[in-house]
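Student: Sequence:
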Amino acid sequence: MTSLTYKYIVTFSLFFCYFAYGVNFYVIGPTLIELASIFRTSLEQICLIYTIRSAGYTFGSLSGFLFKYINRQLALVFFVTLMGITLALIPHCTSINLVFVLAAINGFSIGSFDTAINVWMLEIWSEDSGPFMQALHFTYGIGAFVAPLICEPFLSTESVYLSHHHSPSSSSMEAANDTDPFQTLNISVIDPIDYLIHIPYAIAGAITIFSAMIVLGLFFYKKYEPPRKFKAPNDDQLSYQSKKKSSILQNGLEPPMPLRLTRSKNLHQTFMTVWIVLMGSMFFTLFVGMEQMHLQFLPTFAVNTDLNLSPSSAAMISSAAALAFTIGRCLSIPLAIKFRPQTILYTNHILMLIGTILLAAYANTSEHMLWIGNIVLGCGFSSVYASIYAFLEQKISVTNRIGSIFVFAGGFTAAVSPSMVGRYIEADPLILIWFDLICCLLCLTVFFIIHLTLFLDGKQTTVTTKSFDTKKKSILADHFDTINLNLNATRSMSLFPSASSSPMALLSLQPSRKSLATISLTTETSSSSIISTTASTRTSTPISSKLSSPSMISKNLDMIDVESQPDRGTEKEQEQTELNV
-19 MTSLTYKYIV TFSLFFCYFA YGVNFYVIGP TLIELASIFR TSLEQICLIY TIRSAGYTFG
41 SLSGFLFKYI NRQLALVFFV TLMGITLALI PHCTSINLVF VLAAINGFSI GSFDTAINVW
101 MLEIWSEDSG PFMQALHFTY GIGAFVAPLI CEPFLSTESV YLSHHHSPSS SSMEAANDTD
161 PFQTLNISVI DPIDYLIHIP YAIAGAITIF SAMIVLGLFF YKKYEPPRKF KAPNDDQLSY
221 QSKKKSSILQ NGLEPPMPLR LTRSKNLHQT FMTVWIVLMG SMFFTLFVGM EQMHLQFLPT
281 FAVNTDLNLS PSSAAMISSA AALAFTIGRC LSIPLAIKFR PQTILYTNHI LMLIGTILLA
341 AYANTSEHML WIGNIVLGCG FSSVYASIYA FLEQKISVTN RIGSIFVFAG GFTAAVSPSM
401 VGRYIEADPL ILIWFDLICC LLCLTVFFII HLTLFLDGKQ TTVTTKSFDT KKKSILADHF
461 DTINLNLNAT RSMSLFPSAS SSPMALLSLQ PSRKSLATIS LTTETSSSSI ISTTASTRTS
521 TPISSKLSSP SMISKNLDMI DVESQPDRGT EKEQEQTELN V
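For the sequence shown, this note's numbering begins at -19 and goes up steadily by one.
To be clear, the hints were calculated from the coordinates, so they are not data collected in a lab. Just so we're clear, the structure is a prediction, and the values are computed from it rather than from any experiment.
Using 25 Å as the maximum straight-line C-alpha spacing, the simulated BS3-like pairs for lysine-lysine come out as follows:
| # | residue 1 | residue 2 |
| --- | --- | --- |
| 1 | LYS318 | LYS375 |
| 2 | LYS(-13) | LYS48 |
| 3 | LYS(-13) | LYS203 |
| 4 | LYS375 | LYS48 |
| 5 | LYS48 | LYS202 |
| 6 | LYS318 | LYS(-13) |
Derived Cβ-Cβ restraints for the label pairs, each shown as a range:
| # | residue 1 | residue 2 | range |
| --- | --- | --- | --- |
| 7 | ILE50 | ALA186 | 19 to 29 Å |
| 8 | ALA340 | GLY197 | 40 to 50 Å |
| 9 | TYR201 | LEU432 | 41 to 51 Å |
| 10 | PHE199 | MET400 | 36 to 46 Å |
| 11 | GLY197 | GLU347 | 45 to 55 Å |
| 12 | LEU176 | PHE251 | 49 to 59 Å |
Ideal placement from N, C-alpha and C gives every residue a C-beta, glycine not left out.
Go ahead and model the full structure; you've got the sequences and the hints to work with.
Tutor: See below:
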C-alpha cells in the first residue's frame, strides 16, 4: 500500500468518525421534551444538559497539547468510544443529576475529539487541506441530518400544549393530572411511545463506537507517523550566520539577511500570529455558539411557536435544516477548489442574515416560512467552520495548541448561551432568532476585520520584500566588484612573482569581509605558503570578464579552487606552481 493510498484510507475513516460525531451531537435536540417527561423535570432545567455538555466540550478542547506526547490514533479511539458509551447510557439514568454527569463526560470527549481530528486533517493534507476539510464537515452535516430521522419514529405524534400560550381543554388537563405526577412541565398530552427514546440513543451510541473500532483497526494495520516539520533557525543562529565569513561556494548566491531585518520580521510575524489567533478565537466564540444553539434548540423552538407543532413535526423541520446544512457542505467541496475561502465566508454570512430575518418575521405565523427560513439558515451555516480554518491556514499554521484555543473559544459561548436561551424559550421562542441575528452581525464584523488586516499586511509585506530585494542586489553588486578586483590583483601577482616576497604587497591583496569568494594569501617565516590555483585554461576569455555577469557566477566559480597548503615541495615545484598561477 502506497503512502498516498494510506492517507486516503485514514481520511475516510476520519470522515466516518465525524459522521458519528454529528449523530451523537444532535440526538438530544429532538428528544429534549421527552427527556424532560422521563425525568419529571421542567424544560428550563433539562436545557442545562446543553450547558454542562458544552462546558465539558470546552475543557476537553484544552487537551490538544496531549497529542504531542501520546499516539493520536489511540487517543481518538478512546475519546470516540467514551462519546458513544456516555450517550447510550443517558436514557437509562435514575436521576437528572446522573444525566448531567454523563453529559459532562460526553462533552469532554467531544471537545478532545474535535481538536484532534481537525488538526490531524490539516496535518495530513497541509496546503491541500481545503477540500478535505469541507468534506470532513460535510460528513458532520450528514450526521446532523440523520439524527432527527433516527429519533422521529420514537417521538410523540401529538401536539405538546404548554401553559404559556395554549389553553388545553379541562378534560385533557384532568387526564394529565391523573396520569402525570410531574405537573411542573405543564404538558397535557403524554404519549407512551416517549419512553422508547432509549432506542435512538442506543443506535447513535453503536454508530459512534463502530467508528472508533475502524480507527483502532488502522492502528494495528499501520501506525500513523506525523510528517516531520522543518525547524526554523532561532535568533542566535541567524546572528551567527550573518556574522561569519560566507562565500558563494559555501552559501550560494543568497547573501545573509541582516540581523536587524531578521528580528524586525520575526517580531512582526509574531504580532500578526497573536492578532489572528485572538480575532479567530472571537469569531469561533460567536459562530459556534450561534450554530449549535440554533440546531439544538430548533425542535424546541418549533414546538413553542404559535403554530402548535408536534415534536414529530418539529423533528422533521430540524432534519430539513440539517439536510440544507449537509447539501451546503457538499457543494462547498468543489467550490473550495474554485473560490477563495473569504468569498465562501461572505456568501455564508449573507445567507445567514436572510434566513434569520425570515424567521424573525414569519416564524409565528407561517409554517412554510418556518421551513424556508431554517433551510436558508442551514445553508448559511454549512461551510463556515471549514472555510475559516482554511482561511486562517493561509497566514498561520494551525497547530494542536492553536486548534485547542479555537475549540475552547467556540465551546465557551456554547456553554453559556443554553442557560439563557433555555430559560426564556418557553415564554418567548423568538429569543433564539434574536440571538442568531446578533451573533451573525458580530461574526460578519469580526471576519471583515480579519480579512482587512491580512489584506493590509499583504501589501506591506510586498513593499518590504521589494525594498529588501533592492538592498540585496546592491550587496551582490559590491561582491561582484570585489571579486573582479581580487582576481585582477591575483593575475598581476602571477605576472610579477617578486611581489610574493613582500608582506605588504600580499596584505594589500587581502579581500574585504564582504567578498563572496575568499582568496587567502599569507606569508610565514618558518614555512612559506604557496597558492595553488586550478583553473580552466582552455578558453582565452579572462576570468574577470566571465565573472562580470551575475548569471555566470556559479558556473565560473566551480572552475576555481583556491586553498592554502604548507610548502613541502622543492624550490622547483614552487616555481612551477607560480608559473601555473
